[in-house]
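Asker: Spelled out, the chains give:
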Amino acid sequence: MKDKIRMILFVLILGSFLTSILLLVDSYASPIIKRNKILKIKKSILTALEIPYNNKNITGVFSNNIEIVKKKNKTFYISKNGDVSFKMSGPGVWGPIESAIALKPDLKTIKSITIIHQEETPGLGSRITGKKFLNEFKNKVITPEIRIVRAGQAKGNNEVDAITGATLSSKAFEALINNQIKLYLPLIKGGKK
Amino acid sequence: MIFARLKSTEEFKTVANGLWRDHPIFSMVLGICTALAVSNKVDNAIAMSAGTTFVLVATAIIISLLRKLISTRVRIITFMIVIASFVIIVDKAIEAFFPSISEALGPYIGLIITNCIIMGRAEAFYIQNKVHLSILDALANGLGYTYTLVSIAIIREALGFGTILGIRVMPAGWTNWVIMAMAPGAFFILSVFIWLSRTLAKIEP
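If you read the sequences in order, they're chains A and B. Reminder that position 175 of the first sequence reads as 187 in our numbering, one-by-one numbering, no gaps. Reminder that position 4 of the second sequence reads as 156 in our numbering, one-by-one numbering, no gaps.
Take these hints with a grain of salt, some might be off.
What the hints assert, rightly or not - Straight line, CA to CA, 25 Å or less: simulated PhoX-like cross-link-like pairs of lysine-lysine:
| id | chain 1 | residue 1 | chain 2 | residue 2 |
| --- | --- | --- | --- | --- |
| 1 | A | K14 | B | K220 |
| 2 | B | K220 | A | K16 |
| 3 | A | K52 | B | K244 |
| 4 | A | K116 | A | K55 |
| 5 | A | K49 | B | K244 |
| 6 | B | K244 | A | K55 |
| 7 | A | K120 | A | K167 |
| 8 | A | K123 | A | K86 |
| 9 | A | K123 | A | K16 |
No lab work stands behind these hints: they were computed from the structure.
Please put together the full structure from these sequences, using the hints given.
Answerer: Structure (structure tokens):
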């Protein structure tokens with residue numbers, strides 16, 4: 013009996029000790045992580061709109077150059093020359109993919125795309141963050157829709173080469189872009205005069 | 153003479169076992185899933201090894217300090233909560249201070265919890281040995297895990313991407329062996345590695 017009580021006490025004490033350490037670490041790290049995330053989103057939007065910035069003046073450049081427009085709880089980021097950017101999210105192969113896209117003022121041509129967050133297979137699907145892949149989207153047209161085709165076979169101005177060895181991630185990204193554009197485009201078209 | 157005396161000390165044996173004779177990956181074949189998953193790029197392998205080594209050392213300290221208090225019936229749950237806590241600390245610290253590494257490794261940091269090396273060493277060693285020996289054992293095993301992961305990653309990244317640590321090493325005309333970047337490549341290289349080192353260490357199957 014005495015042994016059992018000692019055992020339970022031991023687990024309880026160790027458990028609460030470790031829990032309090034975790035709480036401490038969390039209360040210290042959470043604000044930093046939150047700030048990192050906001051910075052990351054601002055950075056991605058700026059990159060998508062191709063507005064130059066450096067790591068020290070992100071917040072300043074962001075608030076000086078970008079007008080934030082809210083439509084039915086969707087957020088649009090509009091730059092001074094009329095480019096429109098918004099966040100896109102959807103399922104990837106292992107976890108969610110978050111991305112930012114910028115459209116030129118005609119709302120048909122892609123200015124550029126950046127990835128904010130992804131959990132694809134390291135080294136395979138994770139290459140959707142690579143410059144080589146993302147640069148392919150520049151100046152492509154989103155009508156009727158973006159198509160990601162077998163590597164080396166992209167011909168039309170709405171076609172992009174997939175990543176070799178990451179077909180599923182490429183397909184997921186294709187679906188994500190098209191779905192989100194369908195969701196966001198009518199809103200911004202209605203709001204922009 | 154000095155070496156012979158050094159060789160018979162417990163400390164030396166502990167380190168030698170971790171680095172070579174009882175090497176976690178090729179002798180005990182533990183920690184294989186992470187070794188397969190993150191060995192496709194050298195920087196991922198280094199970050200993962202550093203995280204695992206930190207958790208190993210921290211677990212070694214706590215478990216060996218508490219070894220006389222831990223009753224045998226609750227030892228597994230004790231290992232679990234200690235390991236899980238440190239993994240969460242590592243995860244949070246990397247997310248706060250190295251967001252880009254955290255992005256690259258994605259869910260794999262959390263998977264350190266499932267790395268059998270830590271559980272295995274806690275059960276086999278830390279629960280029975282003094283703190284300084286346990287720390288040595290943790291460092292040796294961590295280093296053993298690190299050099300294995302990094303050497304596999306060097307081969308896989310060079311063949312699969314033509315780079316090492318992102319720096320181009322293969323000639324310009326090199327065609328990337330995509331299979332090396334994928335899981336089958338990891339199986340090939342890891343099994344060749346296990347075969348070679350078991351033959352060298354004269355471990356009977």
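Asker: Now, for every hint given, state plainly whether the structure supports it.
Answerer: Hint by hint, here is what the structure shows:
no.: 1; hint: A:K14 with B:K220; in the structure: holds, 16 Å
no.: 2; hint: B:K220 with A:K16; in the structure: holds, 16 Å
no.: 3; hint: A:K52 with B:K244; in the structure: holds, 17 Å
no.: 4; hint: A:K116 with A:K55; in the structure: holds, 18 Å
no.: 5; hint: A:K49 with B:K244; in the structure: holds, 13 Å
no.: 6; hint: B:K244 with A:K55; in the structure: holds, 22 Å
no.: 7; hint: A:K120 with A:K167; in the structure: holds, 18 Å
no.: 8; hint: A:K123 with A:K86; in the structure: holds, 20 Å
no.: 9; hint: A:K123 with A:K16; in the structure: violated, 67 Å
In summary, the one numbered hint that this structure violates is 9.
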